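Each chain, letter by letter, is given below.
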Amino acid sequence: MSEPAHPDRLSDEQFRERFRAWLAANYPAELKQDSHRPFRRLRGDAAVAWLRRVRQAGWRAPAWPREYGGMGLSFRKQLIYHEELEHAGVARIIDLGETQLGPTLIQCGSEAQKAHYLPRILSCEDVWCQGYSEPGAGSDLASLRTSAVREGEAFIVNGQKIWTTHATDSTHIFTLVRTGKFAKKQQGISFLLIDLATPGITVRPIVNLAGEDEFCEVFFDNVRVPAAQLVGELDQGWTVAKALLGYERIWIGSPALAGKALELARTLVEELALTNDAGVMDRLAQLAADLHDYRLLYAEICDSIADGGKPGPDVSMLKVYASELLHRLTEFNQEVAAESGGIVGDARIGGALTDLHWQFMMARPVTIFAGANEIQRDILAKTVLGLPAEASARN
Amino acid sequence: MDDISAMLRDSAADFLEGRHDLSRLKGSIGQPQPVDRALWREMGELGWLGLELPESLGGSGMGLRESTVLAEQFGRSAFAAPYVAASLMPAVLLSFAGTPGASELAAALQGGDKLLTLAWQEKRDQLDADAPLARLQDGRVSGCKVFVPAVEDDGVLLVSVRDGSGLAVVAVAADASGVTREDFAAGLGAVSTLHFDKTPILFGASLLSGNTAQMALQRTLDAGRVALSAQLEGLGSGMLARTLDYVKGRVQFGRAIGSFQVIHHRCVDLYIAAQLAGASWRNALRAYEGGEDAGAAISAAKARCADTAQRIGREAIQMHGAMGFTEEADIGLYLRAGLQAYAWLGTPLQHRRRFMAIEAEAEHV
Ligand SMILES: Cc1cc2nc3c(=O)[nH]c(=O)nc-3n(C[C@H](O)[C@H](O)[C@H](O)COP(=O)(O)OP(=O)(O)OC[C@H]3O[C@@H](n4cnc5c(N)ncnc54)[C@H](O)[C@@H]3O)c2cc1C
Chain A
1 MSEPAHPDRL
11 SDEQFRERFR
21 AWLAANYPAE
31 LKQDSHRPFR
41 RLRGDAAVAW
51 LRRVRQAGWR
61 APAWPREYGG
71 MGLSFRKQLI
81 YHEELEHAGV
91 ARIIDLGETQ
101 LGPTLIQCGS
111 EAQKAHYLPR
121 ILSCEDVWCQ
131 GYSEPGAGSD
141 LASLRTSAVR
151 EGEAFIVNGQ
161 KIWTTHATDS
171 THIFTLVRTG
181 KFAKKQQGIS
191 FLLIDLATPG
201 ITVRPIVNLA
211 GEDEFCEVFF
221 DNVRVPAAQL
231 VGELDQGWTV
241 AKALLGYERI
251 WIGSPALAGK
261 ALELARTLVE
271 ELALTNDAGV
281 MDRLAQLAAD
291 LHDYRLLYAE
301 ICDSIADGGK
311 PGPDVSMLKV
321 YASELLHRLT
331 EFNQEVAAES
341 GGIVGDARIG
351 GALTDLHWQF
361 MMARPVTIFA
371 GANEIQRDIL
381 AKTVLGLPAE
391 ASARN
Chain B
1001 MDDISAMLRD
1011 SAADFLEGRH
1021 DLSRLKGSIG
1031 QPQPVDRALW
1041 REMGELGWLG
1051 LELPESLGGS
1061 GMGLRESTVL
1071 AEQFGRSAFA
1081 APYVAASLMP
1091 AVLLSFAGTP
1101 GASELAAALQ
1111 GGDKLLTLAW
1121 QEKRDQLDAD
1131 APLARLQDGR
1141 VSGCKVFVPA
1151 VEDDGVLLVS
1161 VRDGSGLAVV
1171 AVAADASGVT
1181 REDFAAGLGA
1191 VSTLHFDKTP
1201 ILFGASLLSG
1211 NTAQMALQRT
1221 LDAGRVALSA
1231 QLEGLGSGML
1241 ARTLDYVKGR
1251 VQFGRAIGSF
1261 QVIHHRCVDL
1271 YIAAQLAGAS
1281 WRNALRAYEG
1291 GEDAGAAISA
1301 AKARCADTAQ
1311 RIGREAIQMH
1321 GAMGFTEEAD
1331 IGLYLRAGLQ
1341 AYAWLGTPLQ
1351 HRRRFMAIEA
1361 EAEHV
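Protein chains in written order, with my numbering: chain A, 1 to 395; chain B, 1001 to 1365.
Calculated directly from the structure, the hints in this document are not laboratory data.
Please read these numbers as outputs of a predicted model, since none were measured by experiment.
Among these hints, one or two may not hold up.
[What the hints assert, rightly or not] Looking from chain B toward chain A, a few residues come up when the C-beta cut is under 8 angstroms (computed):
#, residue
1, G1030
2, E1122
3, R1124
4, C1144
5, F1184
6, A1186
7, Q1261
8, H1264
9, I1317
10, G1321
11, E1327
12, Q1340
13, L1349
No residue lacks a Cβ here, since even glycine has one placed at the ideal position from N, Cα and C.
Please build the complete structure, drawing on both the sequences and the hints.
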């Protein structure tokens, strides 16, 4: 039952029903997102175990073409797929192999790279993290300095990456490294695949404000990387990395997290017996209406892509709005809970087990990563509104 | 600022510079932190504990004004010692009590030997202390108190109760029989839920009762709210100062990020917010010193300062980028401290409502 085989032959609604039924029968209840962990993530062994189960049942890699082992879903069915994950309360998994590296290799990789890496991503034999940011290169990513110098059949890599999410849970890292010096700093960057077990690599986890050691520093000290690990042309890594950016911003603008935060908000006002407090309920109504309307905007943009459009620069607005709505929701949750909002860790509120500090802190970085909102607004102002650049030009 | 205040401010700044280290608080998210007792005793040696105690109880006769100087400085450095909860509020409360028990407690407070803390609150989001459900019967207390800060095993709890004739405040040893306690990490410290089951009181009699108890509790909460407002404004100003330093030093796109107009404007807005907060709590302080009708001013200040600290904290994290999301950077500790002080002694929502209610009443007479 619930085999996804030939999803093309299913109507969208049939597809939705199948996936919903499969998730209901297979996703472990104890791993669901709930009022305690509304943005629960799976990582490490738990993530791999679940992804293998997904794979076995034929639901892995919805966006990958079928020839590479994916489901080859239409964009519309991909949307349904994500909606159903949200509906079932499935924890998020940061599976950058599937969502970023795979599509990049399919677009820009060599046949040998595709043949070697793609199956290993699907089976979770290889787990990938993203090594772009550096201490001196955050918003200004193109100023990155980690160097890769060609030496015979290898590159010798030296430098440091930072904020690398889940590096300690990963086997490999895809990086942007500097291979050449040109007038324009976006040139001379290359896209390089590195096995984290290579001698000379040190990974140090960094604890975040929610108490989790999700992101890391990764140090490279004379690390020897076979030249065949270069993706795309030498010095053209910037273009390789940017190829996927539009799609990334669509998924990052998903209203799913805000939806979970709103569920928590509703639970809290019930459990705190505030449903008759007009001031509180006005605020909640505002947030609920904001999410409602945002879902409509999100759907409109997704529909236009499903109908054959390409994600344009205006998708930046999705990330901006969704992330700031998530902020406001988590702030509401923390504030409305009064003294319980100051507790760091688990606390019961009526019948609900909560951790309001966790949800508040975990929502902080959504306006920072994947292009800080200030940068997204700059992009929107320039490319969508056509406003002139700031007087003091960058770069 | 008068001479005494200026002196206190400078000595607080020196003390914090030398003795305060935020890294001590790192790596223990979610674990209730005990009070650093050695530091607390040092504060006693500096004469900071029990500042408000009257001379009759061995105090210096200083007042809330001096305490707000300290509280603001402590906020600026995200200093975790429970100064408002375990020094200022017990001192104000004891200053209304004339019993021998009060003298003994005052001495313990000033020396920093024991932590005294007021256990008045019985439910979430509570503003007033005048109708406790906890009972005193035959010298024993039964009832429940929540969100009580700074409870230490060897501490003394000043518990609001009702006895046969009305409101009273009694002292109870934190480790006395019949006390059960659950600790939660909160902000940079801890709060406790306390259950009392026929717990014997200290000194065999209430410290305060009747109208005096009522007035003492009201003044204690008022003073606590003013000082906490100063501390919250200090937190906000401290975060802004750190953020200004950060954006001046952090270079992206070949320039300090503090040179971008977006950052300019945001920092200016936060600066204005902090100035408003300062004006608001200084007004509350004057109203408190004036004695009567301080309620509206105090509620306005607590609401303003709590909101401001949160707002500055959230923006400060954003301007620090990913660095701001790390436990290594200090900025998040400020934000966490603000999360607890935000609601303690009343949320902005409740205080703004009280502010409006008092204002409306004043217009009618
Ligand atoms: C939780 C988390 C996970 C992450 N995971 C990864 C990962 O897996 N791999 C990876 O490579 N990176 C990762 N990052 C890094 C992320 O991409 C960077 O944080 C982001 O690019 C911002 O850079 P920065 O943190 O150095 O901030 P900065 O660039 O220093 O910015 C600091 C502040 O200044 C503002 N600012 C900067 N430039 C301008 C400007 N021109 N005009 C106006 N304002 C400006 C920013 O918006 C921000 O508010 C992660 C970050 C976080 C927080």
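To see whether the hints hold, each was checked on the structure:
1. G1030: Check passed: Cβ of B/G1030 comes within 4 angstroms of chain A, closer than 8 angstroms.
2. E1122: 12 angstroms, violated
3. R1124: Result: holds, 5 angstroms to nearest chain A Cβ.
4. C1144: At 14 angstroms from the nearest chain A Cβ, B/C1144 fails the 8 angstroms test, so the hint is violated.
5. F1184: 5 angstroms, holds
6. A1186: Nearest chain A Cβ about 5 angstroms off; hint holds.
7. Q1261: Holds: closest Cβ of chain A sits about 7 angstroms from B/Q1261, inside 8 angstroms.
8. H1264: 12 angstroms, violated
9. I1317: Hint holds; B/I1317 Cβ to chain A Cβ min 5 angstroms, cut 8 angstroms.
10. G1321: 5 angstroms, holds
11. E1327: 4 angstroms, holds
12. Q1340: 3 angstroms, holds
13. L1349: 6 angstroms, holds
Checked against the numbered hints above, the structure breaks hints 2, 4 and 8 and satisfies the rest.
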